[in-house]
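> In order, the protein sequence lines correspond to chains A and B. First residue of the first sequence? That's 26 in our numbering, and the numbers climb one at a time after it. First residue of the second sequence? That's 35 in our numbering, and the numbers climb one at a time after it.
Simulated from the structure, these hints should not be mistaken for laboratory data. As the structure is a computational prediction, the values presented were derived from the model and not from experiment. Any given hint could be a false lead.
As the list claims (entries may be wrong) - Lysine-lysine pairs mimicking DSSO-like chemistry, simulated, CA-CA at most 30 Å apart: (1) B:Lys148 <-> A:Lys40; (2) B:Lys243 <-> A:Lys346; (3) A:Lys33 <-> B:Lys150; (4) A:Lys40 <-> A:Lys168; (5) A:Lys175 <-> A:Lys134; (6) A:Lys115 <-> A:Lys271; (7) B:Lys221 <-> B:Lys243; (8) B:Lys114 <-> A:Lys33; (9) B:Lys158 <-> A:Lys346; (10) A:Lys417 <-> B:Lys148; (11) B:Lys243 <-> B:Lys65.
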Amino acid sequence: MLVEESIKSAISSIKTNGVRSFLTALAIIIGTAAVITVIGIGSSAEKALEASIDDLGPRTLSIFPSQRKRGGISSGYNPLVIKDAEALAKNKEHDWMIAPAMSGNRQVKFNNSNISGDINGYLPINFKVRGFDIGQGRIFTEKENLGRKKVIVLGSKVPGELKTSANQLLNKDILVAGTSYKVIGILKEEGSTGWQNPDDDLYVPLLTASQRIFGTDRLGWINVGISNDTNVDYVMMTIEEILRQKHDIGPGGDNDFRINDWSQYSDLRRQATGIFTALIAGIAGISLIVGGIGVMNIMLVSVTERTREIGLRKALGATQKSIMMQFIIEAVLLCILGGILGIIIATSLLFLFISINDWVFSMPLSAIIGSITFSALVGLFFGIWPARRAAKLDPAVSLRYE
Amino acid sequence: MLISTQNLEKKYQVGSETVVALKGINLSVKKGEFLSIMGPSGSGKTTLMNIIGCLDSPSSGSYMLNNKTVSDLSDDELAKIRNSEIGFVFQSFHLLARNTALDNVMLPLKYAGKQKAEAITLAKDVLGQVGLSDRCSHSPSELSGGQQQRVAIARALVNKPSILFADEPTGNLDSKTGSEIMKLFKKLNEEGQTIILITHEDEIAKKSKRVITIMDGLIESDVENNDE
Ligand SMILES: Nc1ncnc2c1ncn2[C@@H]1O[C@H](COP(=O)(O)OP(=O)(O)OP(=O)(O)O)[C@@H](O)[C@H]1O
Ligand SMILES: [Mg+2]
Chain A
26 MLVEESIKSA ISSIKTNGVR SFLTALAIII GTAAVITVIG IGSSAEKALE ASIDDLGPRT
86 LSIFPSQRKR GGISSGYNPL VIKDAEALAK NKEHDWMIAP AMSGNRQVKF NNSNISGDIN
146 GYLPINFKVR GFDIGQGRIF TEKENLGRKK VIVLGSKVPG ELKTSANQLL NKDILVAGTS
206 YKVIGILKEE GSTGWQNPDD DLYVPLLTAS QRIFGTDRLG WINVGISNDT NVDYVMMTIE
266 EILRQKHDIG PGGDNDFRIN DWSQYSDLRR QATGIFTALI AGIAGISLIV GGIGVMNIML
326 VSVTERTREI GLRKALGATQ KSIMMQFIIE AVLLCILGGI LGIIIATSLL FLFISINDWV
386 FSMPLSAIIG SITFSALVGL FFGIWPARRA AKLDPAVSLR YE
Chain B
35 MLISTQNLEK KYQVGSETVV ALKGINLSVK KGEFLSIMGP SGSGKTTLMN IIGCLDSPSS
95 GSYMLNNKTV SDLSDDELAK IRNSEIGFVF QSFHLLARNT ALDNVMLPLK YAGKQKAEAI
155 TLAKDVLGQV GLSDRCSHSP SELSGGQQQR VAIARALVNK PSILFADEPT GNLDSKTGSE
215 IMKLFKKLNE EGQTIILITH EDEIAKKSKR VITIMDGLIE SDVENNDE
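So here's chain A without its partners, still in its complex pose:
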């Protein structure tokens, strides 16, 4: 019942001095709100990132050609060619999807509309690796690729750019660099990935692109689709082994290609968010400590103001321990209330932020429990000294105090 009495007394003391209590707790409120907001944004961003990685479907590595250096001097440039992709595709050790591609800019014409379009030479499997879905018509087949057929699939925005509609274009011919191609399919809208927009591009079979449009077997890149549970390092090693052999690179020679693991970028982003979170958490920690000093100050004032009350409680039989408990509970409660208020403010801010960004709300429970615990500890730590002062007061002197 003594604990109950202490809590009751603490609540009534905090309530009686409402404004003062609020101002005292302000630093705690701001500190907690800052921590929780940042952790919440970080956690929700993480969720959004994971969702967008999942969107890509299976994980993708990309192989790009690069210059080979020997002794610091650039020596020759071994391009990635279709045969490299075929060699990779022949490997049955890995359950991967090899998606070679080449691209270039060509004049595209339909009726009187004229645009300059990014033409991509793709294999049917490329669409799967990139997770593109067909909207109307169909994607070209392996047979059409081998037959170097003049068929073309359009990004969802291309019909609009050609000042017509998907329906008008389907099964019609358009001119690519003066040669007519049959439109066999139009993709669904995919959305920009940041550095390029697949909706603006046009897609023809790889061999068609190689022989009829670009006149080269040099690839722009090879995407390698792997499932999420694949051992990436092992896959990379195999790619290296095959390509080095194809490119005749002896032991000690540098690679003339590079392999990008896109998920590395999300790791990097995650790391950056982590550093940012730690920084804000540090600042918030300082704010909480400043708040704690404020609480200590107000508690000292409170002890002085209530000297007579303390004297009376002692006259009625309160021990030093029970007086101490009363004031520590008051300090801890003040800080916990500040923490809770901070969490409420932060959560409201987060909901606002998240609805603007179209993210999913995510808040680790440990962050909430942790921040309340931390504010309670701040209250405990900074409440001890004032509480000790109260407990040590001489009852006879305190009762005389005016």
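Place chain B with the ligands on chain A using the hints.
What follows is chain B with the ligands alone, placed relative to chain A:
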């Protein structure tokens, strides 16, 4: 013997000066007595009460309460004695303003570690004894001075103390209310409660059975009062 003191002295150090508030008090009080302590302001009445009420310890001399030496007990041991053996009533009531009458009366029971239900029953009982059954849930600001002092008396009595101390209990009350409070004390004494009352009003002191006069920290006179 309930109270027995030997040569109690109390000195205060104020700056470089030593104030001797009590200069050797020898006092014995039996159970059931109704004692008044009189004397001019600054004579040491409150200081004496604080020591025999275990709120303060003497600079020298010894003090036995219920045949137990208490002059050398620790703070917390004294707190325990104050809680169970002693009840205080002050001139300025000293009620907790934010608590109800009932909560104020329950406070000593809380420090005694009583269960809540039992505490509520006991507190309501004493509030009835002082005639305030219908004011349990009132806060001090909703009570008259006399009623507030009754709540304070109920609080002092709730742990059934050996001694009830009252330091100028009527000092803040008009004479009519004051005499009602005195009647209450008289009734309590008749029921067996030992009471030590501090006052500088003759009228008040006359209501008690024994009057001690203190001058400059010494007992000047100690007379039985057979007026009533
Ligand atoms: N804490 C203290 N420090 C210094 N001097 C004190 C202290 N308490 C009391 N005194 C002194 O001790 C003397 C006795 O004080 P005390 O309060 O006991 O007087 P009193 O008889 O109760 O007076 P009153 O009738 O005014 O209440 C006074 O001279 C007072 O100034
Ligand atoms: Mg006095």
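> Decide, hint by hint, whether the structure agrees.
Hints, verified against the model:
Note on Lys148 of chain B and Lys40 of chain A: the hinted pairing holds, with a Cα-Cα distance of about 27 Å set against a maximum of 30 Å. Proximity of Lys243 of chain B to Lys346 of chain A is assessed by CA-CA distance (about 40 Å); at most 30 Å being required, the pair is judged violated. With a CA separation close to 14 Å, the supplied pair Lys33 of chain A and Lys150 of chain B stays within the 30 Å bound. At most 30 Å may separate the alpha-carbon atoms for a hinted pair to count; Lys40 of chain A and Lys168 of chain A exceed this at roughly 80 Å.
Distance check on the hinted pair: Lys175 of chain A and Lys134 of chain A sit about 15 Å apart at the alpha-carbon level, within 30 Å; holds. For a cut-off of 30 Å, the pair hint linking Lys115 of chain A to Lys271 of chain A stands: about 13 Å separates their Cα positions. Between Lys221 of chain B and Lys243 of chain B the alpha-carbon distance is near 13 Å, which keeps this suggested pair within the 30 Å criterion. As the CA atoms of Lys114 of chain B and Lys33 of chain A are separated by approximately 23 Å, the hinted pair is consistent with the 30 Å bound.
Our distance criterion of 30 Å between C-alpha atoms is met by Lys158 of chain B and Lys346 of chain A, whose separation comes to about 28 Å. Only pairs whose Cα atoms come within 30 Å are accepted, and Lys417 of chain A paired with Lys148 of chain B is accepted, the gap being roughly 25 Å. Distance restraint check for Lys243 of chain B and Lys65 of chain B: the Cα-Cα separation of roughly 13 Å lies within the 30 Å cut-off, and the hinted pair is therefore satisfied.
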